[in-house]
Amino acid sequence: MPLTLTIRAASGATKQVFLPTPVVAAPSAEPNATTTGTKGTLTTYSGSYTISGDNVLIKDKILNKLLRVTGRDVTIENCRWTASSGWGIDAEGSINLKVRNSTIVGSGNSCILTGENTLVEYCDLSGYDNGIMLSGATATLQYNYIHDLHPGAVGEAHVDGIQMGGGQNGVLIKGNSIRSWDTSCIIMKCDWGSGSPIRNITIDGNWLRNQPGKSSIAATIYAYSNQAYVENIVISNNFLEPGYTGALAYDTTAARNAVTWTNNKHITTGAVVPKP
Amino acid sequence: MAVTFNVTAGYDKAAYAQGETITATITGDATNTSQSVGTAGPLDLTIRSASGVEEVIHMDIAPISIETITQENVVIVAVADTNATPRSWAISGDGKSVAAVA
Numbered sequence: 003m004p005l006t007l008t009i010r011a012a013s014g015a016t017k018q019v020f021l022p023t024p025v026v027a028a029p030s031a032e033p034n035a036t037t038t039g040t041k042g043t044l045t046t047y048s049g050s051y052t053i054s055g056d057n058v059l060i061k062d063k064i065l066n067k068l069l070r071v072t073g074r075d076v077t078i079e080n081c082r083w084t085a086s087s088g089w090g091i092d093a094e095g096s097i098n099l100k101v102r103n104s105t106i107v108g109s110g111n112s113c114i115l116t117g118e119n120t121l122v123e124y125c126d127l128s129g130y131d132n133g134i135m136l137s138g139a140t141a142t143l144q145y146n147y148i149h150d151l152h153p154g155a156v157g158e159a160h161v162d163g164i165q166m167g168g169g170q171n172g173v174l175i176k177g178n179s180i181r182s183w184d185t186s187c188i189i190m191k192c193d194w195g196s197g198s199p200i201r202n203i204t205i206d207g208n209w210l211r212n213q214p215g216k217s218s219i220a221a222t223i224y225a226y227s228n229q230a231y232v233e234n235i236v237i238s239n240n241f242l243e244p245g246y247t248g249a250l251a252y253d254t255t256a257a258r259n260a261v262t263w264t265n266n267k268h269i270t271t272g273a274v275v276p277k278p
Numbered sequence: 328m329a330v331t332f333n334v335t336a337g338y339d340k341a342a343y344a345q346g347e348t349i350t351a352t353i354t355g356d357a358t359n360t361s362q363s364v365g366t367a368g369p370l371d372l373t374i375r376s377a378s379g380v381e382e383v384i385h386m387d388i389a390p391i392s393i394e395t396i397t398q399e400n401v402v403i404v405a406v407a408d409t410n411a412t413p414r415s416w417a418i419s420g421d422g423k424s425v426a427a428v429a
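Those protein sequences? They're chains A and B, same order as listed.
The opening position of the first sequence corresponds to residue 3 in the working numbering, with each subsequent residue numbered one higher.
The opening position of the second sequence corresponds to residue 328 in the working numbering, with each subsequent residue numbered one higher.
One thing to keep in mind: the hints can contain errors.
To be verified - Keeping only pairs whose Cα atoms sit at most 27 Å apart, straight-line, the calculated DSSO-like set for lysine-lysine is:
no., chain 1, residue 1, chain 2, residue 2
1, B, Lys-423, A, Lys-17
2, A, Lys-100, B, Lys-340
3, B, Lys-340, A, Lys-176
4, B, Lys-340, A, Lys-41
It should be emphasised that the hints constitute simulated quantities derived from the structure, not laboratory data.
Using the sequences provided together with the hints, build the complete structure.
Shown next as structure tokens:
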């Protein structure tokens with residue numbers, strides 16, 4: 003049972019009571035600024051910006067610079083960033099980080115650099131070159147609103163909503179709204195050597211569209227073997243606004259064959275988009 | 328001492344929308360049954376027949392077992408969420424419920 007309550011009687015005797023996972027309805031509408039990000043009253047964070055301990059909870063706070071997380075089971079809920087130093091959250095090396103209902107606005111590489119088994123959900127992410135960049139193998143990225151990304155001061159626009167550069171194995175990208183331009187909404191490209199393929203990725207039920215007002219439209223989804231290979235990429239039930247290379251860009255026949263393409267529809271017309 | 332928990336737990340709703348507060352509450356208590364050893368007697372029982380004749384019956388001191396049953400308050404002292412995407416649960420001040428954001 004996922005929820006275990008330990009109860010104690012006045013005499014000190016204890017017992018465990020079990021509950022099933024609560025049923026939370028998945029959003030049926032595209033995430034936006036209302037359904038994601040912070041809510042309620044926040045106060046200024048006064049703690050350390052380097053979190054190396056385990057089981058740390060940061061909740062209802064305003065943060066103003068990069069948060070470096072390397073600990074295990076760190077949870078960040080209902081927090082707002084206005085950082086402009088590379089990352090909003092740099093969690094490379096962390097395990098089981100959870101970022102929920104938070105807003106990250108700033109400039110630099112990515113709003114979030116994930117660790118191992120990172121969960122990001124119901125977040126409003128904008129302003130950086132990329133929304134989320136994955137460094138760990140596994141992650142769950144769901145119901146986020148990723149939008150208004152822009153390149154940094156260097157001016158090299160490689161804007162991606164979610165970026166996987168190699169080594170990912172077991173990633174769920176579900177129910178997000180991603181508005182991107184220049185490069186992609188979601189990019190899987192094995193840039194980090196032959197030993198870092200990208201495998202077992204599910205992209206389901208997302209809204210992937212071009213950033214309004216940008217003439218340089220994005221490729222919707224990239225699946226590039228490049229230096230290694232991609233394997234078992236499931237792309238299903240998404241609403242897509244095909245970009246300059248169509249709804250799916252790939253570099254080899256093997257990369258295309260690694261993609262299972264099911265029931266993806268045009269975001270405007272609702273017509274089924276055949277596998278490119 | 329034996330403590331029997333008569334406690335059930337449940338959520339306040341069958342399903343939640345994103346952002347709602349999930350509350351799980353416990354109801355019930357615990358029964359604490361304890362036994363101690365005491366003595367009864369000695370007793371002298373005076374008995375009388377219908378015709379009015381009386382006699383005294385003596386009962387020696389005897390050991391007895393005394394059972395005490397107490398209802399005890401129960402509170403939540405810990406919560407563990409082993410879901411693949413666990414939430415942050417907070418225990419209420421009275422210890423009767425836990426809450427998290429859906």
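Going down the list of hints, with the structure as the test:
1. B/Lys-423 x A/Lys-17: With Cα atoms ~14 Å apart, B/Lys-423 and A/Lys-17 stay inside 27 Å; holds.
2. A/Lys-100 x B/Lys-340: Judged against 27 Å, a Cα distance of about 24 Å means the pair holds.
3. B/Lys-340 x A/Lys-176: 25 Å, holds
4. B/Lys-340 x A/Lys-41: Roughly 22 Å separates the two Cα atoms, so the pair holds.
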